[in-house]
Amino acid sequence: MVALEELRGEENAVAASLADCIARISVSKDEASFEVLFRYFAPRLKSYFMRLGADASAAEEVTQEAMVQVWRNAGQFDQSKASASTWIFTIARNLSIDAFRRTRRPSFDPSDPAFIPDGEMLPDVQLERAETEQRVRLVMNSLSPNEKSVLMLSFYENFSHGEIAERLGIPLGTVKSRIRLAFARIRAALDTRQGEQQ
Amino acid sequence: MTIKFHLSDDLLLGYSAGSLDEASSLLVASHLALCPHCRARNSSLDSLGGYMLDALPEASVPTVMMSSVLARIRCESEVASPVTRSPSVANFLIPEPLRSYVGGDVEDLNWIRMAPRVHQIQINTPNSRSQARLLRFQSGTSVPAHGHRGRELTLVLTGSLCDRDAILYRGDIAETDERTEHQPHAGPDEDCICLAVTDAPLRFKSMFARLLQPLFGI
Numbered sequence: 001m002v003a004l005e006e007l008r009g010e011e012n013a014v015a016a017s018l019a020d021c022i023a024r025i026s027v028s029k030d031e032a033s034f035e036v037l038f039r040y041f042a043p044r045l046k047s048y049f050m051r052l053g054a055d056a057s058a059a060e061e062v063t064q065e066a067m068v069q070v071w072r073n074a075g076q077f078d079q080s081k082a083s084a085s086t087w088i089f090t091i092a093r094n095l096s097i098d099a100f101r102r103t104r105r106p107s108f109d110p111s112d113p114a115f116i117p118d119g120e121m122l123p124d125v126q127l128e129r130a131e132t133e134q135r136v137r138l139v140m141n142s143l144s145p146n147e148k149s150v151l152m153l154s155f156y157e158n159f160s161h162g163e164i165a166e167r168l169g170i171p172l173g174t175v176k177s178r179i180r181l182a183f184a185r186i187r188a189a190l191d192t193r194q195g196e197q198q
Numbered sequence: 001m002t003i004k005f006h007l008s009d010d011l012l013l014g015y016s017a018g019s020l021d022e023a024s025s026l027l028v029a030s031h032l033a034l035c036p037h038c039r040a041r042n043s044s045l046d047s048l049g050g051y052m053l054d055a056l057p058e059a060s061v062p063t064v065m066m067s068s069v070l071a072r073i074r075c076e077s078e079v080a081s082p083v084t085r086s087p088s089v090a091n092f093l094i095p096e097p098l099r100s101y102v103g104g105d106v107e108d109l110n111w112i113r114m115a116p117r118v119h120q121i122q123i124n125t126p127n128s129r130s131q132a133r134l135l136r137f138q139s140g141t142s143v144p145a146h147g148h149r150g151r152e153l154t155l156v157l158t159g160s161l162c163d164r165d166a167i168l169y170r171g172d173i174a175e176t177d178e179r180t181e182h183q184p185h186a187g188p189d190e191d192c193i194c195l196a197v198t199d200a201p202l203r204f205k206s207m208f209a210r211l212l213q214p215l216f217g218i
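Protein chains in written order, with the working numbering: chain A, 1 to 198; chain B, 1 to 218.
If you are wondering where the hints come from, they were derived from the structure by calculation, not from laboratory data.
Glycine residues also receive a C-beta, built at the ideal position from the N, C-alpha and C atoms.
It is possible that part of the hints are untrue.
Said to hold, decoys possible - Partner residues are not named here, just some residues of chain B that face chain A (Cβ under 10 Å, in silico):
1. F5
2. S25
3. L32
4. M52
5. L56
6. P57
7. M65
8. L70
9. R74
10. G103
11. E107
12. S128
13. G171
14. P188
15. D189
16. D191
Put together the whole structure using the sequences plus the hints.
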């Protein structure tokens, strides 16, 4: 719990101010807030797109597009559901599928009559949801660099498990077990939280 | 009915990272529409994406880029009002996004007969490594015994499907790989409709089914 509190200090101050910037764009089309977001995210987005295989100029083009969407869709951002980084990650991911893979990523539609809603959201469950993100971050911070690199490669660079093994020069079984372990830890962290709630 | 068989970590990770092909994403998204539990897992993986975006090294960005984006957003007209949909009272069996892909709900579709008591609709997902199809088995029908050259994913939408030792109902997922040989059959009470996604042609055990294979493209 101490670690969680410490984490909340620095990282949360940054995360909260980024989230506030999106909120201000939504409310008052505040350009100064947009500039703050741009300075923080544009270099990271470019880095992300290049890791997915884009060259520098294509990565910059898609980064601009992503930032325009941040401006345009700021009203859809919901702080209780995701952090600024998570929300912008989903925008970037969807753009990359369109731009680099020329395919589609269908998603569910919460307004569809056949959609099964989450059910009654009790206030403390909602709180838990906002904290899920903290938990995931805490677990990630606790992984060893080796474990983290395996997860990063599979998540960010679309490498198959076999390609990761080759790139890191480790056996395929090791790649699989590291991914399994990382997931088990994330799951355990989330379950503990649910246990505390009950 | 509570869903018992959920998406694997691998599939959800691929969906969240954006590396899954369109046909498999369609199956994942259709399950998510029916399963709050997996939607929560999906949100956690998206936060993993956010975490990693924060952790990435910063690439150098030309200084003119910010001014050109600012110029673009100043030209943005007021946000278009969201499309209002006529409220629907229909009780759809096929959830979105799948319903749009197949062009309607169960009774609107032009089912193609594939074998006695088995009908299908092929789903078009260009550039996809996998093939998605909607299958409709009349109650009690057995699927010819088959193995797989790759992965087969199944999402049950109506009725029930008995596969190996399990009985799957609406929303349940079955995932099989090249090691699996099975002969699923539809439950006795009603037609079983499911979404099946295969990333390599099936290997049927019987000669009859093998001969039919090229005709139906499965």
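Q. Against chain A, with CB atoms and a cut of 10 Å, does the hint on L32 of chain B hold up?
A. At 5 Å from the nearest chain A Cβ, L32 of chain B passes the 10 Å test, so the hint holds.
Q) Going by Cβ atoms only, is L56 of chain B closer than 10 Å to chain A? A) Holds - the Cβ of L56 of chain B comes within 10 Å of chain A, reaching about 4 Å at its closest.
Q. Does the CB of L70 of chain B sit less than 10 Å away from some CB of chain A?
A. Holds. Min distance 7 Å.
Q: Verify the interface restraint on M52 of chain B: the C-beta must sit less than 10 Å from at least one C-beta of chain A.
A: Nearest chain A Cβ about 6 Å off; hint holds.
Q) Is the hint on F5 of chain B kept, meaning its closest Cβ partner in chain A is under 10 Å away? A) violated, 15 Å
**Q.** Residue hint D189 of chain B, partner chain A, criterion CB-CB below 10 Å
**A.** violated, 21 Å
Q.
Let's test the interface hint: is any C-beta of chain A closer than 10 Å to that of G171 of chain B?
A. Holds. Min distance 8 Å.
Q) Once the shortest beta carbon distance from G103 of chain B to chain A is found, is it less than 10 Å? A) At about 14 Å, which exceeds the 10 Å cut-off, the nearest Cβ of chain A leaves the hint on G103 of chain B violated.
Q | chain A contact restraint for M65 of chain B - C-beta distance below 10 Å | A | M65 of chain B check passes; min Cβ-Cβ to chain A is 6 Å, inside 10 Å.
Q. Against chain A, with CB atoms and a cut of 10 Å, does the hint on P57 of chain B hold up?
A. Cβ of P57 of chain B sits 6 Å from chain A, so the hint holds.
Q. Can S128 of chain B be said to touch chain A, with a Cβ gap under 10 Å?
A. Result: holds, 7 Å to nearest chain A Cβ.
Q) Can S25 of chain B be said to touch chain A, with a Cβ gap under 10 Å? A) holds, 5 Å
Going down the numbered hints, you'll see the structure goes against 1, 10, 11, 14, 15, 16, while the others check out.
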